[in-house]
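Student: Residue numbers (our numbering), protein chains in the order written: chain A, 199 to 498; chain B, 67 to 557; chain C, 24 to 292.
Since the hints were made in silico from the structure, they are not lab data. Any given hint could be a false lead.
Straight-line distance between alpha carbons at most 20 Å, and here's what the computed EDC-like set of lysine to aspartate or glutamate pairs gives [to be verified]:
no., chain 1, residue 1, chain 2, residue 2
1, B, Lys-398, B, Asp-473
2, B, Lys-533, A, Asp-278
3, B, Lys-406, B, Asp-537
4, B, Lys-406, B, Glu-284
5, B, Lys-406, B, Glu-505
6, B, Lys-170, C, Asp-82
Distance windows between CB atoms, simulated [what the hints assert, rightly or not]:
no., chain 1, residue 1, chain 2, residue 2, range
7, C, Asn-80, B, Thr-219, 32 to 42 Å
8, C, Arg-148, B, Thr-219, 49 to 59 Å
9, B, Leu-298, A, Phe-412, 32 to 42 Å
10, A, Ile-354, C, Leu-34, 14 to 24 Å
11, C, Thr-118, B, Ala-534, 55 to 65 Å
12, C, Arg-26, A, Phe-412, 42 to 52 Å
13, A, Pro-397, C, Phe-149, 30 to 40 Å
14, A, Gln-410, C, Arg-279, 27 to 37 Å
15, C, Ala-209, A, Tyr-248, 54 to 64 Å
16, A, Val-262, B, Thr-502, 31 to 41 Å
17, A, Asn-259, B, Thr-291, 56 to 66 Å
Quick caveat, the model's predicted, so the values are computed rather than measured. C-beta atoms are modelled at their ideal positions from N, C-alpha and C, and glycine is treated no differently.
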Amino acid sequence: MQATTTRRPDLTVAGARPRLGRGADPYLLLVPALAVLFLVSVYPTIYAFYLSLTTHVGGVNEFVGLENYAQMVRDPLFWDSLRVTATFVIGVIAIELALGLGLALLLNQGLPGEWFFRTLLVLPMAATPIVVALAWRIMLNSTFGIVNYVLGLFGIPPQGWLGSAQLALPTLMLIDAWQWTPFVALILLAGLQSLPRGPLEAARLDGATEFQVFRHITVPLLGRVIAIAAVFRFVDAVKTFDIIYGTTGGGPGTTTQTTNIFSFLTGFRWGQLGYAAAIAITLTFVVSLIAARLLSSSSD
Amino acid sequence: MRRNTIGALVDELDRGRLSRRQFLARASLLGVSLGAASALYAARAGEVAAQATPAGGAAAAPATGNIDWQQASGQTLRVPMQTHPTTTAIMEVLPEFEALTGIKVQIEELDWSVLHEKILTDFQSGSGTYDAVMHGCYTTPLYATNGWVEDLTTYLDDPALTDTSWFDVDDLFAPSRELLTWEEGQFGLPVYSQSDLLYYRTDLYESAGLAVPETLEEYAANAQTLNNPPSLYGTAMWGSKDQSPPIFFIYLHAFGGEYLDADWNPTINNEAGVAALTAYADILKTAGPPGIASWGFPETNNAFTAALLGHTLQATVFAPGYQAETAPVRGKVGYAVTPKGPVQRGYSTFAMSLAISSRTERKTAAWLFIQWALSKGVCKATTLSGDRGDSPRASTWTDPEVRGVWDALGMGEWADITLEGMSKAVYPNASNPVCTSFEPRFPEYLQTRDHLGAAISSVLAGSDEPKAALDKAAQQIRAVLEHAGYYNASS
Amino acid sequence: MRRGVSYALLLVVSAWILFPIYWIVRASLMPLGTSFHLPPQLLFLPTLANYREILTNTDFPSYLLNSFVVGVTATALAVILAVPAAYALVRYRFTGRRTLSLVLLTSRMALPVTSLVAFFVQFNRFGLLDTRVGLTIAYLSFNLPLAIWLLIGFIEQLSVEIEYAAMIDGCSRFEAIRRITVPLIAPGMAVTATICLLFSLNEFLFAAVLTSFNAKTATVAVYGYLGQDRLDWELMTATSVLVMLPVLLLAFAVRRYLVSGLTLGALSE
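Chain A with its partners taken away, still in its complex shape (with noise of 0.2 Å):
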């Protein structure tokens, strides 16, 4: 990770370049992906928007217009999921973004052997969700789990942590904390690298402490950077499957039921693909909104 320029991930601002060929000859290339995209991408939304206009009656669909999104509305479980997502997204996202900072200031100090901390860092996010999410399942055990044994030689009384109203959100957190902070903090670990110089060493002339130089001028220039993890983080927090599904399933009652796992559980267990498909489009739909909001305000 040496030299870091950062770009925004939107392409109409790429900047100018020379044209180098104008006419089909974009067209040509673009058809193959174009087609598989449209595919596998484009036509699966359009289908699911269509579906979720039907509900599935002995073995037809039959069209009923906008009910589903109507019994959403109306559907206290939508509501409840909803605000868990909101807990669970802000949560971790805020849990995240200080860890990393931290761990970023950590390994932007020129110490010897960072190398083999920032190879480390890289382990939890590639590890497979759903064996992270059976791994923690087995430490977390209240009777068995390693962690409850551990906590019981300083005295702690054993806690159930996925079976616990107050816990079970925030052990999630703490799960989805292991598996995305060293993401964050590569992300914000290459901000720190990429920061001119001038302005720290300017400040610390002008006799600033190092946290005035790290208040005042490194997280606002870091802004764009945290903003990029932000939005990222915020798109795959409310995503999220594999870590809840192989844990609590949404419970202990619906305490850790996201949306995500609501509409999983209507279509595939409860059988309503349409009204599954209904609640997914409109939170990719709010999902989407607030990530374009949130990268376009980050690249100002």
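Got chain A sorted already, so can you dock chains B and C onto it with the hints?
Tutor: Just chains B and C now, with coordinates in the frame of chain A:
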């Protein structure tokens, strides 16, 4: 083609392909007694000098019914089954079926929840990936109403397909079969049957001077006495949202509660229902392990096996596992009928079904598989070899050889209680036409049950009071039933 | 002093990162039924019995094979399709470009259930359920946009001058791409492919819903070890190790690019 004879089996054993369990099960299926098979195994495996000969066992003819078993030869069946000792045991003897019929069977082992999700998706899409399915009795109404599974009556009545006297369908527990009917049709047959009973630690009961509880109140009191965390918890029962309802139903009935009234109105949140959930949550929250709200079968079972629980109300099927050689509780388990509640005893019954998908073109092969897997011979052989204690056949339970094995393990009482529980029609309140069995039977039941499960689990997790949680669940159940049109006709 | 504190903190972080992985590996090397005994045995005789059991007595090897066949195919197709597309997006201005980038971006946002319901119903119609072909198509839905994004980053780093030079020498546009651009971005293609493969091997939800027997993948098989009456932790962890080992090796190989892969090149290195 490989013939299924004891000689071929011994060849396979000699080539090192079989475990002891597999060998015993398949030998038993070929009519060899357990004693002879064990001796044979010991001889062949070189544990003892070769003195037993196959002759003693091989004399008995393989019992396979008088039909053309080869009529669907060459086909391959795809069957999703629950990850369960019974599935394991059936898989171990499958080579015998393949040799007998020329039909190959692919079994997909799936976790409890996933099993339903996958079958439902397959049925709903009409994809016909599955030929036969194993599923819980509470989904029979759903599958039958939609025409997703076959009425097995025609198969049972066809002499080309079924050797009636050999198969002896009446030997399968009637209450279990009853759970798999829907509107006059038999939409599945039980592959295993269970009810629930009290398991307690004899050693702990003795040292604490406790008497076997007669009532749920005493059951709770004993749990409090034994509770000594973290090395021992008084009890644990299912608390996770997809698995908690069955044991809770025992409480519900014991307190005189009902799921629905005769007009389909949810009644779980009435006084009896709230009292039942309060009692269920109290014992688990004061004498149960932390995190009980996420515990299902595996956790509860692991904890009892590992000697971490004083007693538990559990499905009858788990008993053999507690007597496994590696189980720390081996030899320390006592059995008793489910304690009574203030109103009555909350008996329970449950069956897992094998059914034929309506979409498949391999219905004959699927039926042959079901007929074979549920036959007296297979039920007995898999019971003798495996960890299963859930044969759906009365004959297995009264078989002297099987009974001998269980008596030797001190499981005689368990066998008596289970046999009694499974042979009688167990639901006491048959006056309500909506709730005529332990769990009510209607197509939308599973979804409503999940709402109840979420309520139970949230109370155990401490996020809700029983009354509030059940009110919420009742409302959600009503919404499901309303959506399905249950209230249209009456209003 | 300050350095000491930094190292101490880094050690804590390392332990936190490594412990779950260590715990899985440890359980996979223990005799059946012993991994959850407490207090934990610090010294035990490691055994490969669990691995032997899985590899010889179960269908796990064929599930692992499915994972790889589907992953490699979906990856190869994605990269082959993505190269010309990414090239066009970098080197041309054209109508519809903005829409296309929007589609690419949205595909990253979409809730998996959206495409899952559609795949499920359509695959069923065309007999693609439980086939490697079907799962490959499903995996293309996330691999193709990802590959395009990543390759855009690599192509942008190339100077156009060399393509000009080739074209002045009489090469056609497409020839210039084939003979100049592709060889130059070959390392980038390798990185892209590795990241796509990694995500494919880790995928669980699509595989869980869209496959049963023939195309079942290793991640689904791992989850299958949750049983009715037991948690075969030792076997489950051994399968987990076998699933994760190749993934972690791949990740190690492209560790410098993983972050940019996950951020669609918003942060390239």
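Student: Work down the list of hints and note, for each, if the structure agrees.
Tutor: Against the structure, the hints:
1. Lys-398(B) x Asp-473(B): Holds, because 14 Å separates the two Cα atoms, which is no more than 20 Å.
2. Lys-533(B) x Asp-278(A): Given that 20 Å is the threshold and the Cα spacing comes to 19 Å, the pair holds.
3. Lys-406(B) x Asp-537(B): violated (26 Å)
4. Lys-406(B) x Glu-284(B): holds (10 Å)
5. Lys-406(B) x Glu-505(B): With Cα atoms ~18 Å apart, Lys-406(B) and Glu-505(B) stay inside 20 Å; holds.
6. Lys-170(B) x Asp-82(C): holds (15 Å)
7. Asn-80(C) x Thr-219(B): 32 to 42 Å: Cβ of Asn-80(C) to Cβ of Thr-219(B): about 39 Å, so the range 32 to 42 Å holds.
8. Arg-148(C) x Thr-219(B): 49 to 59 Å: Distance hint for Arg-148(C), Thr-219(B) is violated at roughly 32 Å.
9. Leu-298(B) x Phe-412(A): 32 to 42 Å: violated (52 Å)
10. Ile-354(A) x Leu-34(C): 14 to 24 Å: holds (22 Å)
11. Thr-118(C) x Ala-534(B): 55 to 65 Å: Hint holds: Cβ distance 58 Å, inside 55 to 65 Å.
12. Arg-26(C) x Phe-412(A): 42 to 52 Å: Violated - the Cβ-Cβ distance for Arg-26(C) and Phe-412(A), about 18 Å, lies outside 42 to 52 Å.
13. Pro-397(A) x Phe-149(C): 30 to 40 Å: Hint violated: Cβ distance 60 Å, outside 30 to 40 Å.
14. Gln-410(A) x Arg-279(C): 27 to 37 Å: Between Gln-410(A) and Arg-279(C), where Cβ atoms are some 33 Å apart, the hint holds.
15. Ala-209(C) x Tyr-248(A): 54 to 64 Å: Between Ala-209(C) and Tyr-248(A), where Cβ atoms are some 42 Å apart, the hint is violated.
16. Val-262(A) x Thr-502(B): 31 to 41 Å: The hint (31 to 41 Å, Cβ to Cβ) holds, given that Val-262(A) and Thr-502(B) are roughly 33 Å apart.
17. Asn-259(A) x Thr-291(B): 56 to 66 Å: For Thr-291(B) against Asn-259(A), whose Cβ atoms are near 58 Å apart, the range 56 to 66 Å holds.
In the structure shown, a violation is registered for the earlier hints numbered 3, 8, 9, 12, 13, 15, in ascending order.
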